[in-house]
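Line by line, the protein sequences are chains A and B.
For the first sequence, the tail end lands on 418 under the UniProt record's numbering, and the numbers increase by one without skipping.
For the second sequence, the tail end lands on 418 under the UniProt record's numbering, and the numbers increase by one without skipping.
No lab work stands behind these hints: they were computed from the structure.
All of these numbers come straight from a predicted model, not from anything done at the bench.
Hints are supplied without guarantee of correctness; some may be wrong.
[Claimed, not checked] Cut-off 25 Å, straight-line C-alpha distance, at most; resulting in silico cross-link-like pairs (DSS-like, lysine-lysine):
#  : chain 1 : residue 1 : chain 2 : residue 2
1  : A       : 214       : B       : 214
2  : A       : 299       : A       : 324
3  : A       : 214       : B       : 155
4  : A       : 281       : A       : 52
5  : B       : 281       : B       : 316
6  : A       : 276       : B       : 276
7  : B       : 276       : A       : 158
8  : B       : 158       : A       : 281
9  : A       : 155       : B       : 214
10 : A       : 320       : A       : 299
11 : A       : 281       : A       : 299
12 : B       : 281       : B       : 105
13 : A       : 184       : A       : 281
14 : A       : 158       : A       : 105
15 : B       : 158       : A       : 155
16 : B       : 158       : A       : 276
17 : B       : 281       : A       : 158
[Stated by the list, open to error] Computed spacing ranges between beta-carbons, pair by pair:
#  : chain 1 : residue 1 : chain 2 : residue 2 : range
18 : B       : 316       : A       : 412       : 51 to 61 Å
19 : A       : 277       : B       : 301       : 26 to 36 Å
20 : B       : 278       : A       : 154       : 14 to 24 Å
21 : B       : 163       : A       : 102       : 31 to 41 Å
22 : B       : 220       : A       : 312       : 32 to 42 Å
23 : A       : 56        : B       : 303       : 38 to 48 Å
24 : B       : 312       : A       : 412       : 39 to 49 Å
25 : A       : 277       : B       : 38        : 44 to 54 Å
Even glycine gets a Cβ: it sits at the ideal position worked out from N, Cα and C.
What follows is each chain in one-letter form.
Protein chains: 2
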Amino acid sequence: MASNGDAPSSAAPAASPAGAPARDAPAGALPAGDPTVVVTPWEVSGIVDYTKLIQQFGSSPLTPELVARLERVTGRPAHHFLRRGIYFSHRDVDKMLDLHEAGQKFYLYTGRGPSSASLHLGHLTPFMFTKYLQDAFDAVVVIQLTNDEKFLFSKETKRPLEEFTRLGRENAKDIIACGFNPEKTFMFMDTDYIGSLYPNVLRIQRAVTYNQVKGIFGFTDSDNIGKHGFPAVQAAPCLSSSFPVLFGGRTDVPCVVPCAIDQDPYFRMTRDVTPKLGARKPALLHSKFFPALQGDNTKMSASDASSAIYLDDSGKVVKKKINKHAFSGGGATVEEHRAKGANVDVDIPYRYLTFFLDDDEELDRIRTEYAAGRMLTGEIKAALIAVLTPLVEGHQARRAAVTDEVIDQFMAVRPMQL
Amino acid sequence: MASNGDAPSSAAPAASPAGAPARDAPAGALPAGDPTVVVTPWEVSGIVDYTKLIQQFGSSPLTPELVARLERVTGRPAHHFLRRGIYFSHRDVDKMLDLHEAGQKFYLYTGRGPSSASLHLGHLTPFMFTKYLQDAFDAVVVIQLTNDEKFLFSKETKRPLEEFTRLGRENAKDIIACGFNPEKTFMFMDTDYIGSLYPNVLRIQRAVTYNQVKGIFGFTDSDNIGKHGFPAVQAAPCLSSSFPVLFGGRTDVPCVVPCAIDQDPYFRMTRDVTPKLGARKPALLHSKFFPALQGDNTKMSASDASSAIYLDDSGKVVKKKINKHAFSGGGATVEEHRAKGANVDVDIPYRYLTFFLDDDEELDRIRTEYAAGRMLTGEIKAALIAVLTPLVEGHQARRAAVTDEVIDQFMAVRPMQL
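Here chain A stands alone, though its shape is the one from the complex:
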């Protein structure tokens, strides 16, 4: 999950009715092919034009029609991430809905590269969304903790593997605290589960050349040799045969991957390989990036605690970070603000509300009032604090209840009802 990027509110108007998210080019985006824009699993920088990214990656826009169909199939309202175009792109989700309607259930696959002990708000969003999908489709979820990836790709080359394993266990608590159904959720640390993944890892590795991964991921010859092979480890959980116990040996269970769009290269590669292995291509749901507190073109960084709100931040710290660091689209002075209103497209408090305030009417009201200059920056920050404080504190309470035994239950290799 990338920690930086752009989720402009112009593409996610609070006023848009459920099932009809706006999805044109976001405000402020640079032209396609801008060399300052980089989107890879390890780096997201520049102001991303998501429409251009869809063309560039060859995915499909997640249309209002598809969102509406998803509502019909699940019999429940779409998640606000769908209503607001935060999940904006997909591959083959229409086919997965066909299969689902024909009675063939899919499983969901998501993951986390453990690089910090606590998740921040940006890390949380794909798990919130996957939890919604689990509930909506009553689906099995598999969650990969890539301690191997973080070990191989970390710039801190002295950091031991055990450290990433420890972070993975910590992250497991945050993930479980999102409310996944323990009966239908399997979480695994790569170094624990590699024995089951390895046959498919090998099959995928044999089908992909270094020239291909160089093109897809930008690897170089001075990279360590673990990096070159790793994409197959992230690809393998897309094959249901990687979970022989979970799925009783079934090799044909379809897989749906919700992820930030920076992870797409892994799955483009996977979708290229799976047909050669006689397996089904995974479907994908792509999200935009969650912006850093300081705004677009700044990074959420583990080494700069003020760049993000972490799930272990106290209510006090949340309040302080928002008031002190959240980039504002409001006027420079109260007078100017009253006269010209706020630019909500770049305003972090507003944009965070699009992620965490479920109430469309209230969000619309805030947008209108703030854009018109009737609501002040201090007031929208207070509104965000009012949303985030219970969210973070509730999360902390649920996380505190996640014992080692609970993690072990989620990580137990066991049969599951599809």
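Please build the complex by placing chain B on the supplied structure of chain A, with the hints as guidance.
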């Protein structure tokens, strides 16, 4: 284990006393740096100059003094592979003997890439030698079956992984039939045991760049991405921490690897990496190559059954292969042979006898008589048949007794007494 190459008898005179193998450049060897000579784990071709190879690889000659010391330390005569210079090169074996004398026991590590259902005589030799070392040092042996390697490197890109696993199980029978001590031998299929190897595989992979493996193994950009990472899988068993159950979590047990010298690149890489991981460099014992039936510069090939004697060949087939295909250094006619004698350096029956006839006096007698033309080609072939028939038939009887249960016992992950 390479299946082709040159083990010239001139470097292994039967007359040389135990502990004093001749080790000069073998007859017929081309000058060093000859571009027609290739020695990699996947290709051995050309007439190899073993003395030059020692210089080129930076290993040390296995001197008569070291062999004599090995005899003193073990209190038993050196194996004829040592007496005759078939094992001719080493790295750090002297240090391992120091440790052994100081009471620190090492373990032995060898392996097999399962590419054929039956082993041939050339495949057998490292296991014969490892079994001798096990007995001489009362040492734990770990045996890696690299079904992953053969899957990734096979030119038959449609051949399924399961096929290499099946061949590995077949090979396990041949290996067990060599007489390894079941109390002190752990055999593992990579796909079964990767869960335990993986942490060290990752540590090794992180410490090696693609530039390095390109230089060592000659990989290219159009190779599949599994190949680039595989050397770490072969390296990992050199670290005793890869066997936490066997060695009770000890990370400091020294490792000695007997192998054909074509495998040295793996262990040069390993010895480069281990100090960075705080682990001890493995010691190595290098053998020359076992020649194909048709003689030097021909290959033992699974697709040409007449190129090698397989351990499942019947006595009749062994006899026929030797009489029909074994390259002879004898005279073209009986008259010429009587007059000029045989060239034992290129004579396959004689060279095979250096591998399989333990009796130094008898081998010396045969060499003298044959070289002088008093023994005929048919007679030396009969002598070889008389040695190999009971060897192969005895092996077959022992192999027949190796049930799946026996394999599973050798493969059980269990504590071992060093």
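Taking the hints in turn, this is what the structure says about them:
1. A:214 / B:214: Roughly 15 Å separates the two Cα atoms, so the pair holds.
2. A:299 / A:324: At roughly 16 Å apart (the allowed maximum being 25 Å), residue 324 of chain A and residue 299 of chain A satisfy the hint.
3. A:214 / B:155: The hint holds at about 23 Å.
4. A:281 / A:52: Holds. Residue 281 of chain A to residue 52 of chain A sits at ~23 Å (cutoff 25 Å).
5. B:281 / B:316: Violated, at about 46 Å.
6. A:276 / B:276: Not OK: residue 276 of chain A and residue 276 of chain B at ~39 Å, beyond 25 Å, violated.
7. B:276 / A:158: holds, 10 Å
8. B:158 / A:281: holds, 20 Å
9. A:155 / B:214: holds, 23 Å
10. A:320 / A:299: holds, 19 Å
11. A:281 / A:299: Status violated; Cα separation ~33 Å.
12. B:281 / B:105: Holds, at roughly 15 Å.
13. A:184 / A:281: Distance of about 22 Å is within 25 Å: holds.
14. A:158 / A:105: violated, 44 Å
15. B:158 / A:155: This hinted pair is violated, its Cα atoms lying about 38 Å apart.
16. B:158 / A:276: holds, 10 Å
17. B:281 / A:158: holds, 20 Å
18. B:316 / A:412: 51 to 61 Å: Holds, since residue 316 of chain B and residue 412 of chain A (Cβ atoms, about 56 Å apart) stay within the stated range.
19. A:277 / B:301: 26 to 36 Å: holds, 29 Å
20. B:278 / A:154: 14 to 24 Å: Once the Cβ atoms are compared, 18 Å apart, the range 14 to 24 Å for residue 154 of chain A and residue 278 of chain B holds.
21. B:163 / A:102: 31 to 41 Å: holds, 35 Å
22. B:220 / A:312: 32 to 42 Å: violated, 47 Å
23. A:56 / B:303: 38 to 48 Å: Holds, at about 47 Å.
24. B:312 / A:412: 39 to 49 Å: Given about 44 Å between the Cβ atoms, the range holds.
25. A:277 / B:38: 44 to 54 Å: violated, 33 Å
Taken one by one, the earlier hints fail for this structure at numbers 5, 6, 11, 14, 15, 22, 25, listed in ascending order.
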